[in-house]
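Number of protein chains: 2
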Amino acid sequence: MGARNGAASNGKRVHFPPEKPLVTDGGRVIAPLTIAYETYGALNEAKNNAILLCHALTGDQYAAGVHPVTGKPGWWDVLVGPGRPFDTNRFFIISTNVVGGCMGTTGPASINLATARPFGLDFPVVTIRDMVRAQAMLIDHLGIETLFCVAGGSMGGMQVLQWAASYPERVFAAMPIATAPRHSSQNIAFHEVGRQAVMADPDWRAGRYLEAGVRPEKGLAVARMAAHITYLSEQALQRKFGRKLQDRAAPTFSFDADFQIESYLRYQGLAFVERFDANSYLFVTRACDYFDLAADYGGSLALAFKGSKTRFCVISFTSDWLYPTSDSRAIVHALNAGGASVSFVEIESDKGHDAFLLYEPDFFATTRGFLEAAANARGIARAAGL
Amino acid sequence: MGARNGAASNGKRVHFPPEKPLVTDGGRVIAPLTIAYETYGALNEAKNNAILLCHALTGDQYAAGVHPVTGKPGWWDVLVGPGRPFDTNRFFIISTNVVGGCMGTTGPASINLATARPFGLDFPVVTIRDMVRAQAMLIDHLGIETLFCVAGGSMGGMQVLQWAASYPERVFAAMPIATAPRHSSQNIAFHEVGRQAVMADPDWRAGRYLEAGVRPEKGLAVARMAAHITYLSEQALQRKFGRKLQDRAAPTFSFDADFQIESYLRYQGLAFVERFDANSYLFVTRACDYFDLAADYGGSLALAFKGSKTRFCVISFTSDWLYPTSDSRAIVHALNAGGASVSFVEIESDKGHDAFLLYEPDFFATTRGFLEAAANARGIARAAGL
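Residue numbers (UniProt numbering), protein chains in the order written: chain A, 1 to 386; chain B, 1 to 386.
Calculated from the structure, these hints are not laboratory results. It cannot be assumed that every hint is accurate.
[Unchecked claim] Derived CB-CB ranges, DEER-like: (1) R275(B) - Q238(A): 31 to 41 Å; (2) G213(A) - A116(B): 37 to 47 Å; (3) Q235(B) - A302(A): 19 to 29 Å; (4) R205(A) - K306(B): 58 to 68 Å.
[Unchecked claim] Simulated coverage check for chain B against chain A, where a stretch passes if three residues somewhere in it have a Cβ under 8 Å from a Cβ of chain A: (5) 174 to 188; (6) 196 to 202; (7) 223 to 230; (8) 277 to 291.
Note that CB positions come from ideal geometry on N, CA and C, so glycine has one too.
Could you build the full structure based on these sequences and the hints that come with them?
Dropping the structure here:
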């Protein structure tokens, strides 16, 4: 798809010198700071057609085109490209790797100049707001005053909410998708299991595995397997796998992957460790756990959005049990109470949380419709000849 | 409570010699076979007041009284005792450790006489039906022809269903609670995560850890943590823990157990490895995965219960997402189709799957009412002077 939509990776980097540090919510300093990002489409003369896409937990800047590491389509390739809802003929799409990530933006695998070795756990624990602060530095650097839209799902949706709260005047439209205004107890619990799985692996070596030339692959794979279950729905698992056996007619009465679901999960674990850094997994899960937008506004989520002029489109999926519709409703209620403009769509889907990454006709139609209306309201020209 | 209800552990064992082997569904032989069990109350002269309690995944024979290893009340101590629903003044309660378990019944930690070392993974993979076959050997040994009742929750409920299907004439009444007629894809997935967590621990040593004098404690703790989340409900977690911090006013911006839910989960993992054998965990989870009662009857669950004279009481809990009410409804539909006598109660509770182990007034009233009516129908005398 990448080749078809012409969105080749452009491997962009911006380096902020020590004089322009990122000061974290935890009171630490990240400097120098590198932000890795991709862009698709072109910034127009008015600089009013920029859309920032925010990635989820294990996503990265490669939203469209072919991912240079996995060789697979970017995480939102189905949505981003010429004629697609995030239309690269009309919009300038920016997608960054979050701070703490592992695809080029400064994170725990980066070299700590103070010690000349990888940060490991010496990297500051970052928050969603820190991620957004870093993105704002990039947007400043690109000379963009106001983003036409900020969009993303899951942890990406948290960033969208944080953008709208921290920089309301810089966000014309916002699409928080399959997300929540705070991480629930159950969500923290699942993240903690994943972290403990990583840390239980002796190859993790208290976070210093890179220097030892090893990686906690088994622990990270277990973490991914547990998390992956939460991205799907019971119905989707039953439909796709049920109790079907893998390449055999009868059970083996062993601990082999008799069932297709076992084989599938093991593959998900193995594929993940090929592309993701274990320490980054700790940091991004922790950032989600700390997310509680209302807490920054005296416990009132409505205050976070008070008087906001941003147009919101909140989207949830019926079978998402990780960030269920009730979480999106809480966002919508707060936006209404804050007096913001908001449309809310719950998409019927049996695909669970992962639905926000998949082709779902109603989801696509909603995204396209919202962006077109907002673009027209903002006076962004349609692409010539299309 | 144990001391109060006088149900002290009696540490009973029955040893079946090699001439009385347990032949497993996988075609293997377990011989000699030891079954560890507890009894509470007394068998009456007519031998018609015996109730078999079947334990869940990580339960054991210590249903009532004080558990000799943990020092805590047995898993159903709230329900079992004089004047309690499983009234030890009226009924003779039997509770066995399942085959493959680790509290005295032959399992992977037992010595394999052929090699003079622990079985480890050489132990036969057992099924729910194998567990029930072993229990039937014990019931024969005790000279009991017909059980007044077989009851249990979760994996215990699977054993109840298997008893009713395999030995309908030996089961007067049956209480399958918070269970399912087959393990779903999602349930297999969670079990597979747990097994992979155990196997990822280098101290597991391909199952030969006992000989090496080590135990895969970290892997087993991770497995337990992941499983434990599935035993609770999102609502219960939110109510009990929410986003409350543990002994601190502000987050530490670290990977310490900042949140109470993290601290709680870590404790659950640590406590579990004190009392449970890692290989047994592999075997009991596998037994659940293989459970699909209808498959033994040409795909028809109704056929499993055709013409059954057993009285059934099926119980589910509203917030149980591991074995949701839809699973219980499938059992009820099959029982109805098979012409069996069945009552079905869905208990309103926010405590998730674990509700079947807790004091829930409606659950207790249902259990008491069902057992009393069935006991009266069977002509079991009330306890004298009560």
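Status of the hints after comparison with the structure:
1. R275(B) - Q238(A): 31 to 41 Å: Given range 31 to 41 Å: holds, Cβ gap about 33 Å.
2. G213(A) - A116(B): 37 to 47 Å: 41 Å Cβ-Cβ, so the 37 to 47 Å window holds.
3. Q235(B) - A302(A): 19 to 29 Å: holds, 23 Å
4. R205(A) - K306(B): 58 to 68 Å: Holds, at about 59 Å.
5. 174 to 188: Per the Cβ count (6), the hint holds.
6. 196 to 202: holds (count 6)
7. 223 to 230: holds (count 3)
8. 277 to 291: Our answer is that it holds, as 4 residues pass the Cβ test (under 8 Å) against chain A, meeting three.
Checked against the numbered hints given earlier, this structure breaks none of them.
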